[in-house]
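Based on the sequences and whatever the hints tell you, model everything.
Sequence lines, in order, name chains A and B. Mapping to our numbering: the first sequence position 124 is 124, numbers consecutive. Mapping to our numbering: the second sequence position 167 is 167, numbers consecutive.
Simulated from the structure, these hints should not be mistaken for laboratory data. Hints should not be assumed to be uniformly reliable.
[Claimed, not checked] Some chain A residues close to chain B (C-beta under 10 Å, calculated; not the full set): (1) Gly79; (2) Ala155; (3) Ala159; (4) Thr169; (5) Glu170; (6) Arg211; (7) Gly235; (8) Ala236; (9) Gly243.
Keep in mind the model is a prediction, meaning the values are calculated, not measured. Glycine included, C-beta positions come from ideal geometry on N, C-alpha and C.
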Amino acid sequence: MDSKVVVVTGGASGIGRATVLRFSEEGYAPVILDRDAEAGAETLSLLGSEPVEGQFIRADLTRKAEVTAAFDSILSARGRIDVLVNLAGGTFHKGAIHEVTPAQWKECLDLNLKTTFLCAQAVIAPMKQAGRGTIVNTASNFGITGGAERTHYAASKAAIIAFSKSLATELAPHGIRVNTIAPGLTGTERVRGKYDADEWAALSGTLPMGRAAMPEEIADGIFFLAGDESDYVTGATLHVNGGMVMP
Amino acid sequence: MRRLEGRTAIVTGSGQGIGEAIAMAMAEEGAGVVVAELREETADAVRRKIEEGGGTALAHATDVSQEPSVDAMVQACLERFGKVDILVNNAGIYPTSTVADMDEDEWERVIGTNLFGTFLCSRAVTPHMLQQQGGRIISITSGRGLQGADNGAHYASSKGGIIGFTKSLARELAPAGVAVNCICPGVSDTAQPRGHRTEEELYASAARIPLGRIGQPADMARAAVFLASDRAKFVTGQTLVVNGGAIMQ
Ligand SMILES: NC(=O)c1ccc[n+]([C@@H]2O[C@H](COP(=O)([O-])OP(=O)(O)OC[C@H]3O[C@@H](n4cnc5c(N)ncnc54)[C@H](O)[C@@H]3O)[C@@H](O)[C@H]2O)c1
Ligand SMILES: NC(=O)c1ccc[n+]([C@@H]2O[C@H](COP(=O)([O-])OP(=O)(O)OC[C@H]3O[C@@H](n4cnc5c(N)ncnc54)[C@H](O)[C@@H]3O)[C@@H](O)[C@H]2O)c1
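Here you go:
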C-alpha cells in the first residue's frame, strides 16, 4: 500500500506496456487503464516477478462515466495516485481532408484529446489534496510538423501540447507538474503493422539516427518527466525521436 | 546502479555554479570528470571536492574561446582517461549592454566564449566520438536564446546560435549514434544573474515562475545526467527546458 501509484492509460500495449514495465521496475504499483482486456492481462502477466502488484481496469476512456468509475475504484483501492501517464491514443485512419468524415474527425479527437482531458481532470482533486503529483501527456512529431492526410491526428496532438502547458500553469501552485512526451516513429505492433518490411526499413532509414524508436526508449523519457529527476520541469515537451523533428 | 559508470565527461566552466553541479553529479554517477575551467583555483577546488567524495577528476585550466587551450584540454583528457564520452558546454558569460552601446570587444568576448567556445570544444571531441561510434554533447543555452534579451543581444545571439548549432551537429552525428542536445535553464541561483540583478530582484523573479522558485544548479545537473545516460540515447537535436515553467516552448 506504500508504493507510489502510476496510472497508465493505453497501458495494455505498445509504448504503454513498456511504460508499465519501466515504472514497475522502479518500484511503482502500476494501474493499467485500457479498453483491451486481453492485452491488459498479457501486460500484467509480464509483471509477474516484480515486487509490487499491478492492476488492470477495463475502460473506454472516451466515456466520462467509465473514466469516473475507473478512477474512483483506483482511489478507493489504493488511496493515492502519484503519476498519470496518458498514452491511450493513435491514428486508425488516414485520409485527405475531403475524405475525413465528421464522425472520423470526432473519433480521433476524442481518442487522443478528450481521453487526455477526462483522465487529467480525474486526478486533479487527489493530487491537489496530496500537494504533489505529475502528469505526462502524449503528443507526437505530427503535433509539431503536421502531416498530410493526418489533419485530425495532428490537430489532436498539437492540442495536447497546448492543453498540457495550460494545465501546467494551472496546477503549478499546487505542486503538480504537467509535461508532454512527443515520440517520433516508434516500433509498436500497431504502427509496425501498417507497413511491410521494406516500407518499414525505408521509413526508419529517413530518421537521422537511422531507425525507429523502441517503445522502451519512449518509456525512459516518460519516466524522466514523471519522476523526481525532473523536479523543476513543467509545461515542457520532450521529443524522443532520434532527430526526426527538432522544433 | 550508477548511471555513468566508466564514462569520461568534460564539463566546461565547471569551477562554480551550474557547471560545478553538473561535474559533481556526473562524478557521483561514476564518470571520470575533466573540470575544464578558466580559473585554475576554482578548477582545482572542484577537482578536490570530487576526489574527497570518492570520485575521479582532472582539473584543467582551459579557456574555451582559445583553440590551443581547448586542444590541450582534450589531449589531457585522453592522456588521463583514454577517451571522451560526454562533453558539456557550460562555460558562459553574460555582461550587459544595449546594442547602441555595445563595443566590439564585448561582442567578441561573449560570442567567443559562449558560441565559438561551444564550437571549438565540440569540434575537438567529435573525432573521438565518431571513432568510438557513440557519445553525448550537451550545451547550455538560455531562455534569452529563445526570447531575446533587452540588455544583452550578444548573449541572446550566442545562446540562440547554440541551439542552431546543436540541431545541425545532431544531424551530422546521428548516424554515428552520437546525441547532441541543449539544456535551457531558467534564472538560477548562481553568480551569473547576480551580475545584473540585485539579490531582491533575483528572488523576486520566483513570483513569475509557475513552480514558484528560481532554479538551483542541482536541477540542471539532474537533467544533464539524464541526457548523458543510457535512458536518453534516442533523444537528439532537442532542447530540454528546465525552468519551472517560466517559458513553455
Ligand atoms: N507508435 C508511434 O509511432 C507513435 C508515434 C507518436 C505518438 N504515438 C502516440 O503514443 C501513444 C501510444 O501509441 P502506441 O503506438 O503504443 O499505440 P498502441 O495501439 O500500441 O497502444 C495504445 C493503447 O491504447 C488503448 N486504447 C485505444 N483507445 C482507447 C480507449 N478509447 N480507451 C481505453 N484505451 C484505449 C489501446 O487498446 C492500446 O492498448 C498514442 O497516443 C500515440 O498517438 C505513437
Ligand atoms: N544562472 C542562470 O540564471 C542561467 C540561466 C540560463 C543559462 N545559464 C547558463 O548556464 C551556464 C553556467 O552559468 P552559471 O550561472 O553557472 O554561471 P557562473 O558565472 O556562475 O559560472 C560560469 C563559469 O564559467 C567559467 N568561464 C567563463 N569563461 C570561460 C572560458 N572562456 N573558458 C572556460 N571557463 C569559463 C567561469 O570562470 C565560471 O566558473 C552559462 O552558459 C550560462 O549562460 C545560466
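Hints and how they fare:
no.	hint	verdict
1	Gly79	26 Å, violated
2	Ala155	19 Å, violated
3	Ala159	15 Å, violated
4	Thr169	5 Å, holds
5	Glu170	9 Å, holds
6	Arg211	9 Å, holds
7	Gly235	4 Å, holds
8	Ala236	5 Å, holds
9	Gly243	4 Å, holds
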